[in-house]
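Peer 1: Once you have looked at the hints, place chain B on chain A.
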Amino acid sequence: MEFLRPATWDEALAAKAEHPSALPIAGGTDVMVELNFDRRRPSALLDLNRVGELTKWESGRFEGQEGEVIRLGAAVPYARITRELSAQLPGLALAADTVGSPQIRNRGSVGGNLGAASPAGDAHPALLAAGRDVLVEAQSVRGTRLIPIDAFYVGVKRHSLEADELIRAVRIPVADGPQQFSKIGTRNAMVIAVCAFAVALHPKNGTVGTGIGSAAPTPRRAAEAEEFIAGELAERGLWQSGALIGPAATRRFGELVAAAASPIDDVRGTAAYRRHALAVMARRTLTWTWDAYTHSLRSAA
Amino acid sequence: MRVTFTANGRRVEADDVWEGESLLFVLRERLGLPGSKNACEQGECGSCTVYLDGEPVCSCLVAAGQVQGREVRTVEGLADPETGLDVVQQAFVDAGAVQCGFCTPGLVVQSHDLLRRNPRPSDNDIREALSGNLCRCTGYEMIMDAVRLAAARAGASGEVSR
Numbered sequence: 001m002e003f004l005r006p007a008t009w010d011e012a013l014a015a016k017a018e019h020p021s022a023l024p025i026a027g028g029t030d031v032m033v034e035l036n037f038d039r040r041r042p043s044a045l046l047d048l049n050r051v052g053e054l055t056k057w058e059s060g061r062f063e064g065q066e067g068e069v070i071r072l073g074a075a076v077p078y079a080r081i082t083r084e085l086s087a088q089l090p091g092l093a094l095a096a097d098t099v100g101s102p103q104i105r106n107r108g109s110v111g112g113n114l115g116a117a118s119p120a121g122d123a124h125p126a127l128l129a130a131g132r133d134v135l136v137e138a139q140s141v142r143g144t145r146l147i148p149i150d151a152f153y154v155g156v157k158r159h160s161l162e163a164d165e166l167i168r169a170v171r172i173p174v175a176d177g178p179q180q181f182s183k184i185g186t187r188n189a190m191v192i193a194v195c196a197f198a199v200a201l202h203p204k205n206g207t208v209g210t211g212i213g214s215a216a217p218t219p220r221r222a223a224e225a226e227e228f229i230a231g232e233l234a235e236r237g238l239w240q241s242g243a244l245i246g247p248a249a250t251r252r253f254g255e256l257v258a259a260a261a262s263p264i265d266d267v268r269g270t271a272a273y274r275r276h277a278l279a280v281m282a283r284r285t286l287t288w289t290w291d292a293y294t295h296s297l298r299s300a301a
Numbered sequence: 001m002r003v004t005f006t007a008n009g010r011r012v013e014a015d016d017v018w019e020g021e022s023l024l025f026v027l028r029e030r031l032g033l034p035g036s037k038n039a040c041e042q043g044e045c046g047s048c049t050v051y052l053d054g055e056p057v058c059s060c061l062v063a064a065g066q067v068q069g070r071e072v073r074t075v076e077g078l079a080d081p082e083t084g085l086d087v088v089q090q091a092f093v094d095a096g097a098v099q100c101g102f103c104t105p106g107l108v109v110q111s112h113d114l115l116r117r118n119p120r121p122s123d124n125d126i127r128e129a130l131s132g133n134l135c136r137c138t139g140y141e142m143i144m145d146a147v148r149l150a151a152a153r154a155g156a157s158g159e160v161s162r
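Residue numbers (UniProt numbering), protein chains in the order written: chain A, 1 to 301; chain B, 1 to 162.
In isolation and in its complexed conformation, chain A is listed as follows:
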């Protein structure tokens, strides 16, 4: 095995081009487990710890995305996302705070979650809910490719990166409404999600974003549930009135979220339990975000 230690991003891209089978390592919280347990023997490790820009984030305006966007460096640790970005990216900040333990959150990052592409990765539901215009910034010596989040996950632990590409950053629109994240596990810390759900209200364009984790071969959006609830909110004028969504529509939203999943029975839980829990989490998180939205409407009036 080789250990490649680029000092700059350009060196990292050159190294990945030269060694396409090299396994990138940043926080190591997934990669080292595989090495420690002899599950993986890559030809080379590509250490990204010395590439400083990967642990920075910036806000600005970017082509192809509306409004203010956070360009989140791939290796910004979860602990910093929670500390520094809970106003701009509340859903992702909540998800980040549920990852592993304090020690894990000091090292793990969204770039690592994307690179591992596990259906159970905690960041994925929040990224999906944040909008269809969330973009993964993949770079190689050939240039930059912006991959829409919906096109990123292609199979169990498989993503759409090319062999010579590295994840430079994720571009996430700043929240324009309340966001929530919810996750089921046997305890609060150190759990791989039995299932997880994220929801984001987007009052500016009248849409609702969702993301399902650990209940399908890939992280996935509950598209029908999104359409249904956006339709309800529009038809009944709720964005303007701030009135209650009501139990019938909330329940239907939960059912559609559960129906969008294709869970399996495994050591962490049964498919039936996952569907049930998703419906419950969807109802609750929708109610929480809607309560926050109506509250902000009233305090603005």
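No lab work stands behind these hints: they were computed from the structure.
Among these hints, one or two may not hold up.
Covered, in the sense of this in silico footprint (three residues per stretch, anywhere, with C-beta under 8 Å from a C-beta of chain B), are these stretches of chain A [what the hints assert, rightly or not]:
#, region
1, 14 to 28
2, 98 to 105
3, 186 to 197
4, 228 to 237
Take a look, some chain A residues computed to stay more than 10 Å from chain B by CB distance [claimed, not checked]:
#, residue
5, Glu2
6, Met32
7, Gly64
8, Ala120
9, Gly143
10, Gly155
11, Pro247
12, Ala249
13, Arg252
14, Leu256
15, Val267
16, Arg284
17, Thr294
Ideal placement from N, C-alpha and C gives every residue a C-beta, glycine not left out.
Peer 2: Positioned in the frame of chain A, the structure of chain B alone reads:
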């Protein structure tokens, strides 16, 4: 490969390090620093917790090559050769928070970091800070006592060691 870094303020060097080796293995097997314990090797138990550039991390999940040129502080580096045990270590002794002792080094480092950042932690703060450290003997009550005691003493006499 060769890896050079600072461990507990001292420049150290390890040779013939395998590229997939963990920082924990280098500390224990190559540098004679066996304080950090090797239990789960997957970041679940926290018994290998060390400071890496001032942040507590699981040393089993850091590749040795990643610490080149960086600063590591292990449980061995908390005590002062002149003044003795750090306030957190002494509190673990006095509160009887140690039973088999295997989890203790990780808990001491993680508690040390908590008190550095938050000198007056609530019980919830302590539980949250220690949520990635497993103890299978004590039931955690004595550990909670130790952290409360360390916080009280550090508050009275200054702070935890730097």
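Peer 1: Provide an ascending list of the numbers of those earlier hints which the structure does not satisfy.
Peer 2: 4, 5, 6
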